Amino acid sequence: MIPACPLAALPRGEALRIETDPPIAVFHTEDGELYAVDDTCTHQDASLADGWLEGCEVECPLHASRFDLRTGRVDAPPAKLPVRTHQVVVRDETVYVMPSDLPPNLPPGVRTGSA
Amino acid sequence: MKSVAIVGASLAGLSAARALRDQGFGGRLMIVGAEPHRPYDRPPLSKEFLAGQMTTADLALEGDGEDLDAEWRLGVAATGLEQGRPLRITLADGSAVEADGVVIATGSVARTLGGDLAGVHTLRTIEDAAALRAGLDAARRLVVIGAGFIGAEVACVARTLGLDVTIVEAAPAPFARALGPEMGTALAGLHEDHGVRLICGAAVRTLTGEGRVDGVLLEDGRRLDADVVLVGIGARPAVDWLDGSGVQVGDGVLCDTGGATSVPGVVAVGDCAAWFDPALGAHLRVEHWTGAARRPATAARTLLSGGAAVPDALAPPYLWSDQYGMRVQFAGHTLPGDEVSVEEGDLASRRFLAVYRREGRTVAVLGIDQPRSFTRWRRRVNEPAGAR
Ligand SMILES: Cc1cc2nc3c(=O)[nH]c(=O)nc-3n(C[C@H](O)[C@H](O)[C@H](O)COP(=O)(O)OP(=O)(O)OC[C@H]3O[C@@H](n4cnc5c(N)ncnc54)[C@H](O)[C@@H]3O)c2cc1C
Ligand code: FES
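Keeping their order, the protein sequence lines are chains A and B.
Residue 1 is where the first sequence starts when you use my numbering, and the numbers rise one by one after that.
Residue 116 is where the second sequence starts when you use my numbering, and the numbers rise one by one after that.
It is worth saying that the hints were derived from the structure and are not from the lab.
All figures in this text were calculated on a predicted structure; none of them were measured in a lab.
Note that the Cβ used here is the ideal one computed from N, Cα and C, for glycine as well.
Between beta-carbon pairs, the in silico distance windows are: (1) A:Pro103 - B:Thr194: 42 to 52 Å; (2) B:Glu197 - A:Arg73: 39 to 49 Å; (3) A:Pro103 - B:Gly440: 18 to 28 Å; (4) B:Gly190 - A:Leu102: 33 to 43 Å; (5) B:Gln138 - A:Arg70: 21 to 31 Å; (6) A:Glu19 - B:Gly336: 51 to 61 Å; (7) B:Thr194 - A:Leu102: 46 to 56 Å; (8) A:Ala9 - B:Glu334: 52 to 62 Å; (9) B:Leu189 - A:Glu33: 39 to 49 Å; (10) A:Val110 - B:Glu197: 41 to 51 Å.
Can you build the whole structure from these sequences, using the hints too?
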């Protein structure tokens, strides 16, 4: 489990990037839900934590692909592949992420430090 | 409407096909494209593809297994449009396509300087990009004519390949057409920071060389040696094939705010189209990716409703560009005289967010490596004055 931040540091409507490899984005929706997905858009190299959060969807800041934060599904192109999701746990007022052990869908030209 | 023909099989054409199917159009769908390729993405041609970080397969716009149930006619250009019921599109191979509705999505064509010297390139297609890359690999000195985004991106890639690069621009500042002179001037230093020579306010008299280019002669008599030249002086709409069709053309196919042209049953989208922009009170041809991807949904509604649908509010034009690893983002449209102020960051660090205002209204936003605040500011463009 990776500690992300104190819950109070991530208000509703905000997002946070954790510098894991590859980085992970944690979102706190207006409805109070917490979600985590890979931070890098599956289309090209853009950070989803910098995107526009609406309901449980995030719109990529670069070309406006939309991803469903619950499933990672692509709701609007140009992205073709879903973004990998991670589990979020809140314990003692701290947000933790349980990284997925599935392979990520990184865009062409972007590699993880280990691969 | 039982059948629709889309002319132009690139981003705008594919987006129109998707939008028609999404909106429930179950009729016959035909897509005519002059290039032999399935739709592919152009922005990487001056960036990752030119740099060798993306392959041809990475450029594909269609998803794996995506099926729009369309009849593709690739590798054949449309040569004319005849009005009537049905509408009739004539093709270069002598055949024709008939349909109740037509989407014009023929994009634009790179402007050239004429002449036929080897080593002189423009950049619009995948073949252009491959030829340019081969040219760069064999060259030592590149001269880029035109300091727009494509020219600057190519300059960047050429620097990383170790070439000596000079950019020549006729205007007093780079990017002036898109970003206005003030921000253009602020960004001029970017090139010098990265060892690219930038010569502004200089017109090109001619390209020199016998059979193969060896230099660029400027009006002021200066001569720049070159092994390769990229001409990046903009693009003109590919609308010649509409001559005599009755479809009204200015700088691009003239459309209303829903994409309808002067001919019933015909809409136009993407780089070839100049939609009426109410915020500007004029037709504006937008030559950016996002417009070509998003506006077709509005045009499809216009077409399927026979013009009865009320068009969505027009999203302001948006473009991005990658310059020396910095992300440039711009939304809106600037006119001479707009007031520009830096709201975040500072010019000196070349990481900033600038806002353009006209009569108190935010009309455009520029972000240099400010993706998060740009995401927010972008939504304020063209809001009524005093809305926030
Ligand atoms: C090198 C490069 C880099 C770019 N970078 C960026 C960027 O960073 N950001 C950004 O916002 N935008 C960028 N753009 C612009 C973006 O790619 C265009 O806005 C987009 O491609 C427009 O799509 P379109 O479908 O309207 O036109 P096009 O992509 O031009 O496609 C038109 C298609 O129609 C075909 N056609 C033409 N005439 C006929 C005919 N008579 N019959 C049949 N078919 C025909 C053409 O062959 C072509 O395939 C870039 C463009 C280029 C060339
Ligand atoms: S990088 Fe996210 S949509 Fe292109």
